[in-house]
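As they're listed, the protein sequences go chains A and B. Under the numbering used here, the first residue of the first sequence carries the number 3, and numbering increases by one thereafter. Under the numbering used here, the first residue of the second sequence carries the number 10, and numbering increases by one thereafter.
Hint data in this document are derived by calculation from the structure and do not stem from the laboratory. Heads up, some of the hints might be wrong.
[As the list claims (entries may be wrong)] Straight-line distance between alpha carbons at most 20 angstroms, and here's what the computed EDC-like set of lysine to aspartate or glutamate pairs gives:
1. A:25 / B:206
2. B:47 / A:17
3. B:184 / A:93
4. B:47 / A:89
5. B:184 / A:18
6. B:268 / B:283
7. B:66 / A:92
8. B:47 / A:92
9. B:31 / A:78
Given the structure is predicted, the values throughout are model-derived calculations rather than measurements.
Okay, here's what each chain looks like letter by letter:
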Amino acid sequence: MSSTQDQALCGAIFEESALLTVKDLSRMCAVDERHIVALVEEGVLAAVEIDTAERHFSGAALRRTRLALRLERDLELNLAGVALALELMDELERLRRELRARS
Amino acid sequence: MEFKDYYKVMGVARDATEAQIKQAYRKLARKYHPDVSKEKDAEARFKEVGEAYEVLKSPEKRAAYDQLGQGPRPGEEFRPPPDWGAGFEFSGGGSRDSAYSDFFESLFGAQARAAGGRRGAFHPGRGEDHHAKVLLDLDATLHGGARQLTLRVPEIDAEGRLTSKERVLNVQVPKGIMPGQHIRLAGQGAQPPGGGESGDLFIEVDFQPHPLYRVDGRDLYLDLPVAPWEAALGATAKTPTPTGTVDLKIPAAAHAGTKLRLKGRGIPASPPGDFYVILQIALPAANDAKAKAAYAALAAALPFNPRASLGV
């Protein structure tokens, strides 16, 4: 093993193991917890169904939350606008995949 | 430093109303926002537009900016006038995570930040999490391995200006990471001012274009050229894959666009992605008498109208 490999920082794939709470997302995205809850209520973020009282999200929620916050800030959208934009982006992605699968 | 004509960037007249500026910004922001735009210089254009809007939407900043006039003549260096900013009160620093231009910073940077203050700490005693995005070579996820990553970290310098600093990290890239996923490096985020637990660093991963393979989620695509007779009669073709060259069976009566799947030979995530081969028909050049004769013989032997479907 070369010395560079010995010194390399070891990182895990975040999405594979993470189960996030509202508090985690709030800290990672540097926004208020109420803002995360508002995104959930608007349907932007979906909690995963597990058997606890507290809401939990998959690791993929980090990217989605950050995307939602960027759209909200940069395009001056309200939450309904963010939700609509994300739905349309999801739909676009789905159609692109379908198109590729058919080619 | 370079003078920025914010009116030109926004495509509005110098006497544009606040409503017109807002409208112009929203239109440009939707066009160039890196998350939604397909324009190739989207990110740079979006930053430029955001900076212009930051100045023109604020009556104080705009009035101060207007005092500079149209900027220096072409080729002349711009310097802020010595009495710059006197009599203006700027408020509301940008909430951006990227650096503004030197031009913006020299005019508004320090003042705006002094008035805007820092973002509130929601989790006292713990440093902020940092986020970065990197473009890796595809081999990093196919085989794993250490990579030198150069990140740009925003930093407030001694004069209170927001600049960015380079930070080089040697990171073991986890094998099988997919585009859009994050490498989490615990404790590599910000240190809290009063001491305590450092935040984490989240590195979002995407891939540089690979000379052979295209990435789609966990799947890989390869365009494989085959000869017309290989496609017509079937053949075994040497095919590069991430885990080495394989002998791929081309079925008879294949055509351009035929898609073949090698299960589990995509990105080695869990579950692993697939490897798709898209056939392309490569035609031999007819640049000598022998090749021309072969084409002529084929034409004589086959009654073939490639334009039958066009009705001609």
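Index of numbered hints that the structure contradicts, given in increasing order: 2, 3 and 7
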